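> Here is what each chain is made of, one letter per residue.
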Amino acid sequence: NAGVMQNPRHLVRRRGQEARLRCSPMKGHSHVYWYRQLPEEGLKFMVYLQKENIIDESGMPKERFSAEFPKEGPSILRIQQVVRGDSAAYFCASSPPPSETQYFGPGTRLLVL
Amino acid sequence: AQSVTQPDIHITVSEGASLELRCNYSYGATPYLFWYVQSPGQGLQLLLKYFSGDTLVQGIKGFEAEFKRSQSSFNLRKPSVHWSDAAEYFCAVGTSYGKLTFGQGTILTVHP
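Each protein sequence line maps, in turn, to chains H and U.
All residue numbers for the first sequence refer to this note's numbering, where the first residue is 1 and numbers rise by one.
All residue numbers for the second sequence refer to this note's numbering, where the first residue is 1001 and numbers rise by one.
In short, the hints are calculated from the structure, not lab data.
It cannot be assumed that every hint is accurate.
To be verified - Taking lysine-lysine pairs in the BS3-like style, the calculated list, with each CA pair at most 27 Å apart, reads:
hint	chain 1	residue 1	chain 2	residue 2
1	U	K1049	U	K1061
2	H	K51	H	K62
3	H	K44	H	K27
4	H	K62	H	K44
5	H	K27	H	K62
6	H	K44	H	K71
7	H	K51	H	K71
8	H	K51	H	K27
9	H	K27	U	K1068
10	H	K44	U	K1061
11	U	K1068	H	K44
12	U	K1049	H	K51
13	H	K51	U	K1068
14	H	K71	U	K1049
15	U	K1049	U	K1068
Small disclaimer: the values here were computed from a predicted structure and weren't measured.
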């Protein structure tokens, strides 16, 4: 059983471009969580999704950030018009229902030039 | 709102010595508690978790943690540290639907 997969592992963008981060949960997991780890900081919750539904987006910045988890395909975290402050590691985690233990992917390291 | 405090930013121990990493949490209900480990450039690996029952939980790689409700603590221990344990350790508290709140992390350095 493959673990949580994230791609790309590293992403470089220039200011103003868009970043798309993908997350494929473990087989049988229908809950996806996104976290951000800024340099020298711990992980901060961003959003919690189930298939086709956003359950909790209390940690998402109000502008430029969006997330989806369609019926088919991976979950996508989208950052529009990136700024240098968006440079961070973005981790996806998944869990089976009921959502207790989360399993983390390897992360996507985003660098904004 | 829940919160987690890891008082020690950096700990250094000698290989073979015992280890204790501290974690204090704040949460209004019965907490779900976790310890994760992160090696440089890697994702997080679950070491152990506490949901209910026995307050001393065993995890992988010889780690254990003890839940003390009266002290709001969930400290991680290992009787004898190996050089491969050098990494960053995160304590987290979870809600009933899974949202995790992490501490700042403790970096563990192991001297030979």
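> Each hint needs a verdict: does it hold in this structure or not?
How the hints compare with the structure:
no., hint, in the structure
1, K1049(U) to K1061(U), "holds (14 Å)"
2, K51(H) to K62(H), "holds (22 Å)"
3, K44(H) to K27(H), "holds (25 Å)"
4, K62(H) to K44(H), "holds (15 Å)"
5, K27(H) to K62(H), "violated (31 Å)"
6, K44(H) to K71(H), "holds (26 Å)"
7, K51(H) to K71(H), "holds (6 Å)"
8, K51(H) to K27(H), "holds (13 Å)"
9, K27(H) to K1068(U), "violated (35 Å)"
10, K44(H) to K1061(U), "holds (26 Å)"
11, K1068(U) to K44(H), "holds (25 Å)"
12, K1049(U) to K51(H), "holds (26 Å)"
13, K51(H) to K1068(U), "violated (36 Å)"
14, K71(H) to K1049(U), "violated (30 Å)"
15, K1049(U) to K1068(U), "holds (14 Å)"
Consistency note: the structure conflicts with the earlier hints numbered 5, 9, 13, 14.
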